[in-house]
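Visitor: So the sequence lines, in the order shown, correspond to chains A and D. Per the working numbering, the very first residue in the first sequence carries number 1; after that it's consecutive. Per the working numbering, the very first residue in the second sequence carries number 1; after that it's consecutive.
It is possible that some hints are incorrect.
[To be verified] Part of the chain D face toward chain A, derived, beta carbon under 7 Å: (1) T171; (2) F172; (3) N212; (4) D359.
Derived from the structure by calculation, the hints contain no laboratory data. Note that the structure is predicted; figures quoted are calculated from it, not measured. By construction, the Cβ of each residue, glycine as well, lies at the ideal position given by its N, Cα and C atoms.
So you can see what is in the structure, the chains are spelled out below.
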Amino acid sequence: MTMENKKVTDLRDIRLHGRGGQGTVSAAALLALAAFEDGFESQAFPKFGSERRGAPVEAYVRISHTVIRAHNQLYRPDAVVIQDAGLLRSEPLLEGLTPGGLIVLNAAEKPEGIDDDFRWVCLPASQIGERHIGRPLPNTVLLGALAAATEWVSLTALEQAISNHLASKGEAVVKANIEAVREGYELSKPNPP
Amino acid sequence: MKQLLEGSLAVAEAVRLCLPQVVAAYPITPQTHIIERLAQHVANGELEAEFINAESEFGAASIVLGAVAAGARSFTATASQGLLLMTEVLYNIAGLRLPVVMICANRAVGAPINIFSDHQDSMSVRDAGWVQLYVETNQEAVDTLIQAYRIAEACGLPVMVCMDGFLLTHTFEPVDLPTQAMVDGFLPPFQFSRTLDPVRPMTLGGASEADNFQEYRAAQQAAMEDAMPVIEAFDAEFNEQFGREHGGLLQPCHLDGAETVLLGMGSLMGVVRDVVDKLRDQGQAVGALRLRCFRPFPAQALARYLASAKRIIVLEKAISIGAGGIVAAELRAALHQAGITTPVESVIGGLGGRDLTPDVIEALFQKSSENEAGATFRFAPDHKSLTRQNEEAMNNG
Chain A
1 MTMENKKVTD
11 LRDIRLHGRG
21 GQGTVSAAAL
31 LALAAFEDGF
41 ESQAFPKFGS
51 ERRGAPVEAY
61 VRISHTVIRA
71 HNQLYRPDAV
81 VIQDAGLLRS
91 EPLLEGLTPG
101 GLIVLNAAEK
111 PEGIDDDFRW
121 VCLPASQIGE
131 RHIGRPLPNT
141 VLLGALAAAT
151 EWVSLTALEQ
161 AISNHLASKG
171 EAVVKANIEA
181 VREGYELSKP
191 NPP
Chain D
1 MKQLLEGSLA
11 VAEAVRLCLP
21 QVVAAYPITP
31 QTHIIERLAQ
41 HVANGELEAE
51 FINAESEFGA
61 ASIVLGAVAA
71 GARSFTATAS
81 QGLLLMTEVL
91 YNIAGLRLPV
101 VMICANRAVG
111 APINIFSDHQ
121 DSMSVRDAGW
131 VQLYVETNQE
141 AVDTLIQAYR
151 IAEACGLPVM
161 VCMDGFLLTH
171 TFEPVDLPTQ
181 AMVDGFLPPF
191 QFSRTLDPVR
201 PMTLGGASEA
211 DNFQEYRAAQ
221 QAAMEDAMPV
231 IEAFDAEFNE
241 QFGREHGGLL
251 QPCHLDGAET
261 VLLGMGSLMG
271 VVRDVVDKLR
281 DQGQAVGALR
291 LRCFRPFPAQ
301 ALARYLASAK
311 RIIVLEKAIS
321 IGAGGIVAAE
331 LRAALHQAGI
341 TTPVESVIGG
351 LGGRDLTPDV
361 IEALFQKSSE
371 NEAGATFRFA
381 PDHKSLTRQN
391 EEAMNNG
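Required output: the full structure, derived from the provided sequences and hints.
Guide: Here is the structure:
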């Protein structure tokens with residue numbers, strides 16, 4: 001597998017934000033499954049709360065070379081995935097993000113008025129998701145973008161995770177999400193220097 | 001082969017592999033995913049069992065009582081208020097010596113209403129006569145569930161597998177699921193010697209008066225004491241067959257030469273292990289001891305493990321309101337009985353889902369923050385204020 005992937009040196013913490021119904025918890029599971037597929041130890045868990053459609057939702061992923069023993073929440077993410085840019089107005093989405101940390105945002109461009117040291121990857125993931133999936137679901141598009149921007153997980157592993165985890169939803173859903181994750185990945189590959 | 005599975009689904013698979021004939025439950029967060037998956041298995045024909053969606057937890061517990069009395073291996077799961085609604089039946093199951101196995105997806109008890117994890121629910125029924133095993137990881141939940149049927153059926157005692165709600169039930173992490181053949185090799189079919197059968201009529205649960213009621217209780221107590229070596233032996237046998245063991249009654253972590261030892265139960269011990277490793281690397285003589293089996297209470301084994309400790313801290317996620325720490329009080333009694341005079345610092349934390357971060361655990365180890373004079377316990381520091389303090393100290397330093 002890709003244990004030689006040097007991008008994950010120790011422990012990577014990722015926090016995902018979205019609204020109930022956007023597949024935030026599923027995205028966390030897919031990311032952890034992909035990392036596991038790549039040969040890492042991984043863990044995914046939702047913010048422990050009552051799920052309601054439309055309400056802010058958080059989920060977390062830990063990726064590590066070594067066994068993950070902690071079962072507490074994580075506070076200092078290396079990357080934050082934001083499925084609904086509107087949440088930036090109401091929720092402390094960037095809290096604890098390490099300096100130089102990555103933000104993968106579902107928006108055509110970085111919102112104005114945010115002065116920061118972070119690295120932004122912005123793409124209209126809902127539109128892309130709608131084109132492939134038929135509903136404005138941004139989650140797998142953003143996972144593709146995260147994978148391209150970080151190389152913490154491989155595109156192959158994400159596709160495998162989608163195939164396995166979404167199998168019960170049918171072949172069409174799997175195929176659409178694989179197309180979505182690929183487009184997110186292609187759009188977010190760093191420009192060659 | 002390891003798979004990344006949600007805790008609830010992993011233990012549901014373990015239940016399926018134990019081939020229960022009756023599953024009865026009433027949904028309650030955070031246990032619901034477990035029985036949802038079992039209901040799917042039954043509906044899909046992947047588990048040949050009666051799935052009974054009960055009208056309440058009282059009903060669910062009563063159904064598995066009757067099912068086991070009729071000779072059927074059975075399963076239920078609940079949490080929080082649901083477990084308390086079962087209380088009367090829990091005593092009956094234990095008093096009738098029926099080997100029921102259940103999962104308690106540990107959750108706070110209201111009011112105020114709170115769906116998050118602490119141990120107040122299962123600790124509240126600690127005297128009901130059930131074996132209680134607290135697990136640290138989802139792998140241990142899977143393995144312990146399988147062991148639980150073996151323990152229950154060998155000892156004639158009901159077993160409650162306590163796994164932290166959300167922290168374990170809703171967390172995806174790597175789990176090695178055994179095969180059916182492996183589980184069959186460890187867990188023989190259920191053969192109940194006192195099966196209710198109209199062909200051979202007999203009474204189960206008749207009245208007992210003053211001349212022999214106490215003897216029934218004494219027999220339960222003796223069975224609990226006898227269960228301790230059985231729990232250890234089955235964990236060791238499990239290790240031989242599956243290559244994993246979970247400490248039997250108690251699991252030490254860096255106890256060698258440890259002067260300060262923290263004792264705790266459940267998933268919080270993962271962070272404790274990380275902190276112990278870190279402090280050990282810094283040359284501090286710290287260690288930890290995980291209490292896996294709270295009932296029966298392994299008093300003598302605890303005294304043996306803690307005999308040379310200079311400082312003992314008990315961190316627990318439940319409170320006996322009006323008294324304080326429950327595990328701490330029982331540990332004090334155990335040490336006193338063994339002639340050990342080391343004081344036990346009782347700390348209560350993690351209530352209602354309050355996060356026990358590495359900072360919190362490190363603070364417990366570091367500060368000789370003894371309880372205030374006359375107080376038998378203190379609450380763990382809050383992780384948010386602790387983080388603020390640490391940041392201010394770093395900025396000022």
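Visitor: Now tell me, hint by hint, if it's right for this structure.
Guide: Against the structure, the hints:
Of the supplied interface hints, the one on T171 (chain D) holds, with its beta-carbon coming within about 4 Å of a beta-carbon of chain A, less than 7 Å. Nearest Cβ of chain A to the Cβ of F172 (chain D): about 4 Å, under the 7 Å cut. The hint holds. Against a cut-off of 7 Å between C-beta atoms, the interface hint on N212 (chain D) is violated, since the closest Cβ of chain A lies about 46 Å away. Proximity of D359 (chain D) to chain A is violated relative to the hint, the smallest CB-CB distance being about 10 Å (cut-off 7 Å).
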